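Participant: Chains as they are written, first to last, in the numbering used here: chain A, 1164 to 1518; chain B, 1164 to 1518; chain C, 5 to 250; chain D, 5 to 250; chain E, 5 to 182; chain F, 5 to 182; chain G, 48 to 120; chain H, 48 to 120.
FYI, nobody ran anything at the bench for these hints, they're computed from the structure. Be aware that a few hints might be false.
[To be verified] No farther apart than 30 Å at their CA atoms in a straight line, the calculated lysine-lysine pairs in the DSS-like style are these:
# : chain 1 : residue 1 : chain 2 : residue 2
1 : C       : Lys172    : D       : Lys172
2 : B       : Lys1381   : F       : Lys84
3 : F       : Lys84     : F       : Lys112
4 : G       : Lys117    : C       : Lys186
5 : H       : Lys114    : D       : Lys6
6 : D       : Lys192    : H       : Lys114
7 : C       : Lys186    : C       : Lys156
8 : G       : Lys114    : C       : Lys193
9 : E       : Lys32     : B       : Lys1205
All of these numbers come straight from a predicted model, not from anything done at the bench.
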Amino acid sequence: MSERILFKGVEAVAEAAIKAGCRYFFGYPITPQNETPEYMSKRLPQVGGVFLQGESETASINMVMGASAAGARVMTTTSSPGFSLMVEGISYLSGMELPCVIANIMRGGPGLGNIAPAQSDYFQATKGGGHGDYRNIVFGPSTVKELVDLTVLAFDLADKYRNPVVLLADGALGQMMEPVVLPEEVKLENLPNKPWALTGALGREKNLAMAFEMVPEKLEEINWRLQKKYDQIIKEEVRWEEYYTDDAEYIIVAFGTSGRITKSAVKALREEKVPVGLVRPITLWPFPYGILVELVPQVEAFLVVEMSAGQMVEDVRLAVGDRRPVFFYGRPGGMVPTPKDIVQKVKETMSLLDF
Amino acid sequence: MSERILFKGVEAVAEAAIKAGCRYFFGYPITPQNETPEYMSKRLPQVGGVFLQGESETASINMVMGASAAGARVMTTTSSPGFSLMVEGISYLSGMELPCVIANIMRGGPGLGNIAPAQSDYFQATKGGGHGDYRNIVFGPSTVKELVDLTVLAFDLADKYRNPVVLLADGALGQMMEPVVLPEEVKLENLPNKPWALTGALGREKNLAMAFEMVPEKLEEINWRLQKKYDQIIKEEVRWEEYYTDDAEYIIVAFGTSGRITKSAVKALREEKVPVGLVRPITLWPFPYGILVELVPQVEAFLVVEMSAGQMVEDVRLAVGDRRPVFFYGRPGGMVPTPKDIVQKVKETMSLLDF
Amino acid sequence: MKTIYARPVVMEDKLTHYCSGCHHGISHRLVAEAIDELGIQGRTIGIAPIGCAVFIYDYFKLDFIVAPHGRAPATATGIKRVFPDRVVFTYQGDGDLASIGMAEIIHAANRGENLTTIFINNANYGMTGGQMAPTTLLGQHTTTSPYGRDVKREGHPFHIAELMSNFKGVVYSARVATYDPKTILASKKAVKKAFMNQLEGKGFSIVEFLSNCPTNWGMSVVESINFIKEKMVVEFPLGVYKGGEE
Amino acid sequence: MKTIYARPVVMEDKLTHYCSGCHHGISHRLVAEAIDELGIQGRTIGIAPIGCAVFIYDYFKLDFIVAPHGRAPATATGIKRVFPDRVVFTYQGDGDLASIGMAEIIHAANRGENLTTIFINNANYGMTGGQMAPTTLLGQHTTTSPYGRDVKREGHPFHIAELMSNFKGVVYSARVATYDPKTILASKKAVKKAFMNQLEGKGFSIVEFLSNCPTNWGMSVVESINFIKEKMVVEFPLGVYKGGEE
Amino acid sequence: MNYEIIISGFGGQGVLAFGQILSYGALKEEKYTTWFPAYGPEQRGGTAYCTVVLGDEEVASPISSDPDVVVVLNQPSLDKFEPWLKKGGLLLVNKSLVTRKPEREDIKIVELDALTMARQAGEERASNIVLLGRLLKELPILSMTTVSEILKEFFSHRGESVVKANQEALKLGWESGE
Amino acid sequence: MNYEIIISGFGGQGVLAFGQILSYGALKEEKYTTWFPAYGPEQRGGTAYCTVVLGDEEVASPISSDPDVVVVLNQPSLDKFEPWLKKGGLLLVNKSLVTRKPEREDIKIVELDALTMARQAGEERASNIVLLGRLLKELPILSMTTVSEILKEFFSHRGESVVKANQEALKLGWESGE
Amino acid sequence: MSKLKIREEYCKACSLCVEVCPNSVLGLSKDINSRGYHPVELLNEDGCISCGFCYIVCPDMVFDVYKQEKSEE
Amino acid sequence: MSKLKIREEYCKACSLCVEVCPNSVLGLSKDINSRGYHPVELLNEDGCISCGFCYIVCPDMVFDVYKQEKSEE
Ligand SMILES: Cc1ncc(C[n+]2csc(CCOP(=O)(O)OP(=O)(O)O)c2C)c(N)n1
Ligand SMILES: Cc1ncc(C[n+]2csc(CCOP(=O)(O)OP(=O)(O)O)c2C)c(N)n1
Ligand code: SF4
Ligand code: SF4
Ligand code: SF4
Ligand code: SF4
Ligand code: SF4
Ligand code: SF4
Ligand SMILES: [Mg+2]
Ligand SMILES: [Mg+2]
């Protein structure tokens, strides 16, 4: 086993990317993720890579597009307003089927908002911030360790499916330090072959990267092909963690930072013999509807905890329907719920149900 | 009654805006809505207004922000990729509570896609293309007449709620011509008073327009205030049309162009005594969940028809839950379903159900 | 028989979609001739703009990417940083480069990205039906300047070749035209130079073409050529603004 | 006792959030003095940037809007087009104006929008912790140019005052500094001129301030002032680049 | 009842104008109507077409997959739209640019040498209007007076002689069915 | 068992470093740990604080509303965090910059004139480390050896004398509890 | 073999070549190509001096131009 | 009334005024303001010539500067 190192989230994501073979980074400063580009600006030149600060998030995502089209593993990171500036590019990247990894270290919104941790870009990441029928794989890491692991996986899945992958974390995870074990660095020569890449059409047919088809019949076909890919991803890539769900009669659903905080709440409640459990979606898209559906029979109620005014709760409602009450506890604007807050909310809602 | 005039959708929206007192237009060309800025560039100077072609959609939405902050009725129009470039600004506008009207005349996506009619920006418009917890009122007009009426209403509601309002139409509605009766032109002096506007702090406390609050506790409060406003809008502004729903045992849900096409399908099916009906959401946000819930008991199944790979269908499923099957018929990439297509889909799905 | 002129090898044998008499086709061919003559077909990568030339990928036997409107220089930067030894060029219209893409072109130029940019100034937005461009002449009527471009409302036309020559990262900036054999042959030299600079690792090169758009100008092809000769050249003088020495 | 200097009336009586010795405060005061002296407090509207000066709205008794990062010139345009008789100004940092907002500032300038822009060049991104800006000097170490800005990778520093002077719509473009009483008094004239031009309906005016950022430069206040005097002024010569005559 | 009419031909043959004239006529006669162009890539160079619905019912679908009338001005249009025509519908063919005979037997077919008739009316470009005249003769969708007035408004900016020629073309078309 | 520790003071008093040193120590002792700073607007000028969780269980919540230990280096911190402390928890107070006495009676309170002791150790800025030393004495969360080594790594870039002074401060803090 | 190879199908009848030909040996044909244009034609083979102006100005790459080698004369 | 009004609470002790004062009559106080800074103080009222340099360079608008009117002298 490799060494454990204490790492800040936003630096760990950078080092993990390098371990995954990422050699190109284009991004624009924004709190609370400045340490990622800063780290990359130091490290990439050391490993023969390129760090370039784009003149904006718009430029950065389009630089990512170029590097990805050239076949490289490439990444950008940003925070909420910056992600909004990238959605045109992300729609293009998705349509072009270009792999890349984009981290959004979310902060309070809307607008300039503030720099405190938030989860209010869930809709934007999972339902299409950009235009058109596209989907990105969206991970919701909850610890620095998981952030590292998912970063590596993100690069692999991006290449596998030729699709952008979004790491949807928040300022709390970004700014915290935790011990991690870094993965082995992949050998660049072992990275997937990309026959579609733009390398210069030497001795082969030309390659085109575009999200463009004037003939509706053909663009429809392209869209159905994309949808088929998305269906495959739904089938194969759904990930979640269960915590005390076995005998739970009350399920909390929460991801990322609020997910791990909820764990403490569940532990505390279990100590009081309250039969709660946690489902923590790891992939936010594809969303783990299935496990929630499975749990419905054994469960009296669901509670969704988000650092937002309520977004993922829609997906939980989609899974649960009207078969069980779905409560919501949200803290928008950069507030982080405490385990105590959550415990209280659970008790409150349980009392409504005569638990 | 005023005169009926034959109007192209994308020109009608412009003239309706002028009738509603809009004197400022900032926008960037993009097919299939070029006629709107073109029309405005001709007409606005005639009525003492200002047309300015922004250097981009990004600039345009920020010009809109300025004019709106100054208290003017102001509008921009665009199509899908352009809307993506506006979402940062829209998140700001929403957070600042600045009224404005934004039309997205949707085209095939993702990416550059094509210029044919589509409805695949439903998620983007209704669930937040931008970051943070915000909502815009979203209208889905289906005829040029309705486009005119909703444009006027859009300006009124924007001012009433101090919120951006989105007109979500598609290239088909934009490019078609239909007779309309234009509303009376409002007198500018009768427009709502805006004490919050930036006019120069002469003899009063200064006014600030911003979507910014560093202290999480305060930003949370702002967010809950916004949510309260959204709740009020949900209570007061949901709009939809019902067509043959009274005795329907099978309900099709479709909006905008696919909504009106579905009407023809319903008519045809009714002629064959098939008991179908149509619910056509007019506000896409707030979505008319209520009517669908009400219809569940009388209905065997729902079918959602969209010019996309399936987006509004999620909202229908949210309303219907698992109580009834919700089928989907979609045409992404710029394809327009015909009444015949829809009739066939209805029959197909009915046969599954042993209707 | 000796071949004097033949369709460039790097071009596909295809009918273009351009309107009759549109100069985009000439600029395409000049790019193709440069690629042929420099023998760089197998290592050249193009970035298509959003504009009438969006289909350029269809006419060249080259790898191509269609970048979002205005962002070609950023996309090109991404490719070039991965493959410093490939030849990367953007081909952009005046709406694409000088309006929505202003930040991207200026920053790529200022960074001295080792790229070549072909810039088509046809004083309007061709693809979307003739709206005003940053390069539209004062008084020129377009579909969004129906009363003529007014300096008070829209300012003066942008002079890209001159603007670019301000940046130290730019090694070559020239404005050319293609309205007769002489100007076309001069343009050819400029294009070749712009590619050669890249091969020599010198930095950013740009060639601005004064181009026509008979369709949206509402002119015959001949009238459109006269418009360039009589009006555009006056506002936008031809010449090498940077890097002409040697 | 006669009042020689007093806190400008248009300023709120408030402690600023700026770091000790940061020149942003001086620039603020110069703007305030111009507004006081021109008697335009009741009809002036400000656009705050995203950057350390985002809080500027807190320090002035003026209507203010906080525009998205870099978009202040577009927002200002929107306001000014509604109220041509109000005085509208933007106050922007070098990340805001010269990086992400390059397209907006250039287009506003080229249109000759009748606006005033105060541009704070402190050679880095102050608010986000000292990253490289387009104006960062060659060799300067920042958190995203840890090995020093390299002309090969990042190009030369941007010269905004010079660049702006290229546009016909710009009537005034000057670069000033605030490192001693003399430069401050000269700056004051420049700021006033930039506002007077607007009052006279002349067009776009911009004043570039060479400013310090002791915090992120990792310097004492005195060192930061020496850096401006010894390094920045050499790269960015002070002076009036346009509109200095009369 | 509503009529659903598809008009199709090369860009430049005036198929969009044909449709607009119908819609303006409907407006004048206080009917409901929708004019819907195929504005896609077909526009440049290739085949252009539009759908007009008009009649006394509010228009639901602006497009049709089984129109009552199809007017084709060139060969590709015949190939594309002949199969769409509703049983018993009317197919109006511009023989001048169509090389083959229509194949269906369950429809009414009218073929016209519209180009020759247009020349006869003094305006080469008025083939579309010739066909329009014949359409009015075949089906009572609008009155000749209405359409004649519309032509006047529609072409007035191109001068009186063009208006006259088009009105003549309309008449020739009508009379060809007598 | 895990300890949840909040350290709070002015920016510049080394509260973030205090926490990091704990976390590095935990790492060295192969414990689980999380260091979480309040990185909001408090950073500039105002009060800064961080939460450290460490122990032998995987860390769930990185924040705590009822910490086991609260270390306060200035008055506002005492006001803010005294009420949070878990019943029976440890409140460590830097008397040098705190003007009032803690009020709760259900907790253990340790007050230290950390500034004076830091000066004594030869490094004015080492108040935080003095408090750290005492914390280790009060609770067996980490060994002195571990932390002493961490200090060496942590301050090595500032020279040996700074390291030594901090190690001394640590010791003085520890000894103050003997 | 002719001095000009003419890709008639690509010609859009813009006349640029016709106007520029120094010997006026090009004209537009009465025929129509499949895109509906009257394509260019070489009216007088002998008059063509293989100067290539037509190639140079043609936006549609309709021409290849050949010259009789000395030996062929 | 003093020649200087000093808003001590606003002072951030940057010393810019101290360095620029031609008569060196400004210094930083031993006291601490509520933001933790040693604020500026006028060490010698008489030495102040009301030149205003301190006002001019102060980024925090700490000063107002007054001058004795002739009549007051
Ligand atoms: C983000 C975005 N905005 C707008 C458009 C629509 N659009 C397509 S091409 C174009 C302008 C084309 O003009 P130009 O760049 O001058 O090229 P030309 O056609 O004149 O050669 C525009 C605005 C788009 N595709 N994407
Ligand atoms: C779209 C977007 N991108 C990035 C940021 C983060 N951000 C805030 S201020 C700033 C740069 C500030 O630098 P500058 O404009 O030079 O102002 P200074 O603080 O140096 O005065 C950045 C990148 C943001 N708020 N929004
Ligand atoms: S629209 Fe203009 S620029 Fe585009 S192909 Fe036609 S003539 Fe050329
Ligand atoms: S970070 Fe720099 S620019 Fe910002 S307030 Fe501090 S010194 Fe001034
Ligand atoms: S080669 Fe010269 S002479 Fe011959 S046809 Fe062409 S232009 Fe005319
Ligand atoms: S220049 Fe080319 S396209 Fe034009 S007429 Fe001549 S051959 Fe045809
Ligand atoms: S006014 Fe002049 S002399 Fe008096 S304290 Fe200020 S700088 Fe010194
Ligand atoms: S210049 Fe101002 S802030 Fe600085 S020390 Fe003097 S009074 Fe204080
Ligand atoms: Mg153009
Ligand atoms: Mg700066």
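Participant: Give a verdict on every hint.
Facilitator: Right, here's what the structure says about each hint:
1. Restraint check for Lys172/C and Lys172/D: satisfied, since their Cα atoms lie roughly 22 Å apart, inside the 30 Å limit.
2. A hinted pair counts as satisfied when its Cα atoms are at most 30 Å apart, and Lys1381/B with Lys84/F qualifies at roughly 17 Å.
3. Pair hint Lys84/F plus Lys112/F holds up; C-alpha atoms about 17 Å apart against a cutoff of 30 Å.
4. Distance check on the hinted pair: Lys117/G and Lys186/C sit about 27 Å apart at the alpha-carbon level, within 30 Å; holds.
5. Restraint check for Lys114/H and Lys6/D: satisfied, since their Cα atoms lie roughly 5 Å apart, inside the 30 Å limit.
6. For the hint linking Lys192/D to Lys114/H, the alpha-carbon distance of about 22 Å falls within 30 Å, and the restraint holds.
7. Restraint check for Lys186/C and Lys156/C: not satisfied, since their Cα atoms lie roughly 37 Å apart, outside the 30 Å limit.
8. At roughly 23 Å between alpha-carbon atoms, Lys114/G and Lys193/C fall within 30 Å of each other, so this suggested pair holds.
9. Using a Cα cut-off of 30 Å, the hinted pair Lys32/E and Lys1205/B holds, with the two alpha carbons roughly 26 Å apart.
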